[in-house]
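Chains A and B supply the protein sequences, listed in that same order. Under our numbering, the residue at position 9 of the first sequence is numbered 9, and the numbers go up by one with no gaps. Under our numbering, the residue at position 218 of the second sequence is numbered 218, and the numbers go up by one with no gaps.
Possibly wrong hints are sitting among the right ones.
Claimed, not checked - The calculated label-pair distances, taken between Cβ atoms and stated as ranges, are: (1) 364/B to 31/A: 45 to 51 Å; (2) 368/B to 34/A: 45 to 51 Å; (3) 23/A to 106/B: 35 to 41 Å.
What the hints assert, rightly or not - The list that follows gives simulated cross-link-like pairs (lysine to any residue, SDA-like), each with its CA atoms no further than 25 Å apart: (4) 48/B to 72/B; (5) 195/B to 117/B; (6) 48/B to 219/B; (7) 40/A to 29/B; (8) 4/B to 30/A; (9) 11/A to 76/B; (10) 114/B to 100/B; (11) 39/A to 76/B; (12) 40/A to 18/B; (13) 39/A to 29/B.
If you're looking for bench data, these hints aren't it; they were derived computationally from the structure. The C-beta atom is built at its ideal place from N, Cα and C for all residues, glycine as well.
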Amino acid sequence: MSQLPMHHRGKQPRFFATEGIDEIMTMVLELTSEIYVIKKRQYVLEKVAGEQGINLSEGIESYELNEQEAKELETFRSELIARVLRSTEGQFAPTQRLTDGDAGAGQNAEAA
Amino acid sequence: MINKLPHDLAIAPDCDERSRQEFVASLRHHTIDGMAAHMRNRYDKVVKPEFEKVEGREPANGEEVHDVMLGDTYFQFYSATRYNAQQMAHHAVIPMINRELESTNSTAQSLRDKEDVGGSVQLNKDVEIPRSVSSIDVHLTPGSYHGEVTENDSSAGSLYENFINVFAFNIMGPDMNDIGQSFSQFVKNVHPEFKPEKILDCGCTIGLNTLPWAQNFPEAEVTAIDVAPGMLRYGSARAKALGAPVNFVQMDATSIDLPDNSVDLVFSSMFLHELPLKDIRKYMKEAFRVLKPGGLFLTMELPSNSKMGPYESFYLDWDCFYNKEPYYKPFRDQDYTQLISDAGFNKDSFFEVELPRYTFTPHEEFVARAKQGPVFDNSTGRFSEDIRWYGFGVWKDAEA
Chain A
1 MSQLPMHHRG
11 KQPRFFATEG
21 IDEIMTMVLE
31 LTSEIYVIKK
41 RQYVLEKVAG
51 EQGINLSEGI
61 ESYELNEQEA
71 KELETFRSEL
81 IARVLRSTEG
91 QFAPTQRLTD
101 GDAGAGQNAE
111 AA
Chain B
1 MINKLPHDLA
11 IAPDCDERSR
21 QEFVASLRHH
31 TIDGMAAHMR
41 NRYDKVVKPE
51 FEKVEGREPA
61 NGEEVHDVML
71 GDTYFQFYSA
81 TRYNAQQMAH
91 HAVIPMINRE
101 LESTNSTAQS
111 LRDKEDVGGS
121 VQLNKDVEIP
131 RSVSSIDVHL
141 TPGSYHGEVT
151 ENDSSAGSLY
161 ENFINVFAFN
171 IMGPDMNDIG
181 QSFSQFVKNV
191 HPEFKPEKIL
201 DCGCTIGLNT
211 LPWAQNFPEA
221 EVTAIDVAPG
231 MLRYGSARAK
241 ALGAPVNFVQ
251 MDATSIDLPD
261 NSVDLVFSSM
271 FLHELPLKDI
281 RKYMKEAFRV
291 LKPGGLFLTM
301 ELPSNSKMGP
311 YESFYLDWDC
321 FYNKEPYYKP
331 FRDQDYTQLI
341 SDAGFNKDSF
351 FEVELPRYTF
361 TPHEEFVARA
371 KQGPVFDNST
381 GRFSEDIRWY
391 GFGVWKDAEA
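I would like the entire structure built from these sequences, with the hints used as guidance.
And the structure:
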């Protein structure tokens with residue numbers, strides 16, 4: 001059986017002069033929606049657990065991570081940040097100055 | 001803010017689908033309310049003064065405001081958010097509609113077959129879908145309004161109702177019928193001497209705003225026409241589910257298959273701005289022809305640009321440029337009195353109304369406000385919790 005298409009025909013309007021920003025707006029709004037999807041499941045999960053006699057939210061607030069768990073979360077955070085911000089790393093390597101004409105500019109650019 | 005549809009065609013979203021629908025409804029509210037107000041503020045405090053400094057005058061009309069706002073970053077954010085919210089509203093409901101497609105079509109057929117409620121549906125394969133509907137996905141609707149994906153398909157109607165349920169974030173009330181409710185209550189209370197026996201709703205889609213006419217004028221025969229078969233299949237099933245006797249007919253309003261002088265009231269809502277000007281003129285001539293002497297042509301729409309200030313015109317014309325509704329501005333640039341006069345109506349019988357939302361307004365307050373004329377301010381036609389629906393009408397001369 002055929003299904004309704006998900007997308008409208010034709011071009012989408014472009015609002016920003018810089019190419020790519022319209023697409024990023026879509027990404028940001030979709031991500032925000034998915035944050036709410038996760039948040040709501042979490043919220044309902046705590047309520048359902050509460051009905052079963054488990055006070056999840058109190059448990060979450062008072063939980064103390066042990067050393068191993070803290071390390072695991074630290075690794076997760078670092079990897080998340082690196083993954084999200086990686087596009088800034090590629091173009092602006094540590095040894096490359098951002099502006100032309102600075103002393104030493106480009107010396108180590110290849111090494112980066 | 002997301003209501004469960006009040007009838008047997010309702011589809012139950014799963015938890016994540018429901019979350020996406022709730023999110024988009026809130027995003028729509030944020031855009032239309034907070035962001036719109038911020039953009040207005042920015043126009044008044046920054047954009048207009050800068051224009052005045054350069055040009056030595058205020059922007060003269062909506063076009064000039066649009067031109068200068070195009071380069072403003074906040075307009076870009078507002079527009080991108082509003083456009084994306086529109087798309088996301090469709091994306092939030094289509095998966096569940098597709099999942100229940102077979103079941104919805106089967107339920108719709110069973111409802112249409114019910115004999116304990118009046119009303120009917122009549123489809124006609126000879127009715128051509130106008131290019132204004134078939135060539136673009138109007139209102140960014142995937143498949144446009146006339147789409148059919150299978151035999152005996154009601155999915156276009158299901159998409160329309162479920163989309164509006166998210167898009168309108170309860171502005172139109174839980175039954176999404178406030179426009180029809182407000183306009184039928186206007187006629188009933190401001191013109192109590194008028195007792196229409198035959199009411200025709202043109203461009204009805206699924207009949208959201210048709211049903212209040214049947215409910216508020218139970219003695220009248222109510223007919224609703226549209227070119228889109230899927231909408232009519234769904235609409236007639238929905239009307240039966242809600243106990244409202246309406247005859248849904250596949251018909252093009254530019255060629256109404258009814259005799260001259262046979263209808264007491266011709267109504268439409270959010271219809272004219274979907275039509276090319278030439279089709280608006282044809283429709284109005286047809287309305288004039290089928291109306292009995294003394295009958296009423298009444299339409300809910302957006303106000304003419306000639307009545308709005310430059311910023312309000314620009315704001316209300318957004319859909320023309322970014323929502324695949326290309327006929328919006330050409331219609332709103334018209335002189336509505338000239339349009340009805342060209343169709344044969346008497347200009348002197350033309351009137352305008354601004355109605356508060358009947359669903360949310362105490363009855364006496366509604367009637368008092370309905371009797372006043374329009375004021376054309378920031379709430380006229382602007383989709384928000386303060387909205388006043390704009391409409392215009394004309395009585396056909398008693399001696400035609």
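Structure-based check of all given hints:
Separation of residue 364/B from residue 31/A is about 48 Å and conforms to the stated range, judged on CB atoms against 45 to 51 Å. The hinted window of 45 to 51 Å between residue 368/B and residue 34/A holds, with their beta carbons roughly 47 Å apart. The beta-carbon spacing between residue 23/A and residue 106/B, approximately 40 Å, falls within the hinted interval of 35 to 41 Å. Between residue 48/B and residue 72/B, the direct Cα distance comes to roughly 11 Å. Compliance with the 25 Å bound is thereby established for this hinted pair.
At roughly 23 Å between alpha-carbon atoms, residue 195/B and residue 117/B fall within 25 Å of each other, so this suggested pair holds. Pair hint residue 48/B plus residue 219/B does not hold up; C-alpha atoms about 54 Å apart against a cutoff of 25 Å. Pair hint residue 40/A plus residue 29/B holds up; C-alpha atoms about 19 Å apart against a cutoff of 25 Å. Distance check on the hinted pair: residue 4/B and residue 30/A sit about 24 Å apart at the alpha-carbon level, within 25 Å; holds.
Taking the CA atoms of residue 11/A and residue 76/B, the gap is near 17 Å; set against the 25 Å cutoff, the hint holds. The straight-line distance between the Cα atoms of residue 114/B and residue 100/B is roughly 21 Å, inside the 25 Å bound, and the hint therefore holds. Restraint check: the Cα-Cα separation between residue 39/A and residue 76/B comes to about 29 Å, which exceeds 25 Å; the hinted pair is violated. Between residue 40/A and residue 18/B the CA atoms are separated by roughly 10 Å; this keeps the pair inside 25 Å, and the hint holds.
This hinted pair checks out: residue 39/A and residue 29/B have alpha carbons roughly 20 Å apart, not beyond 25 Å.
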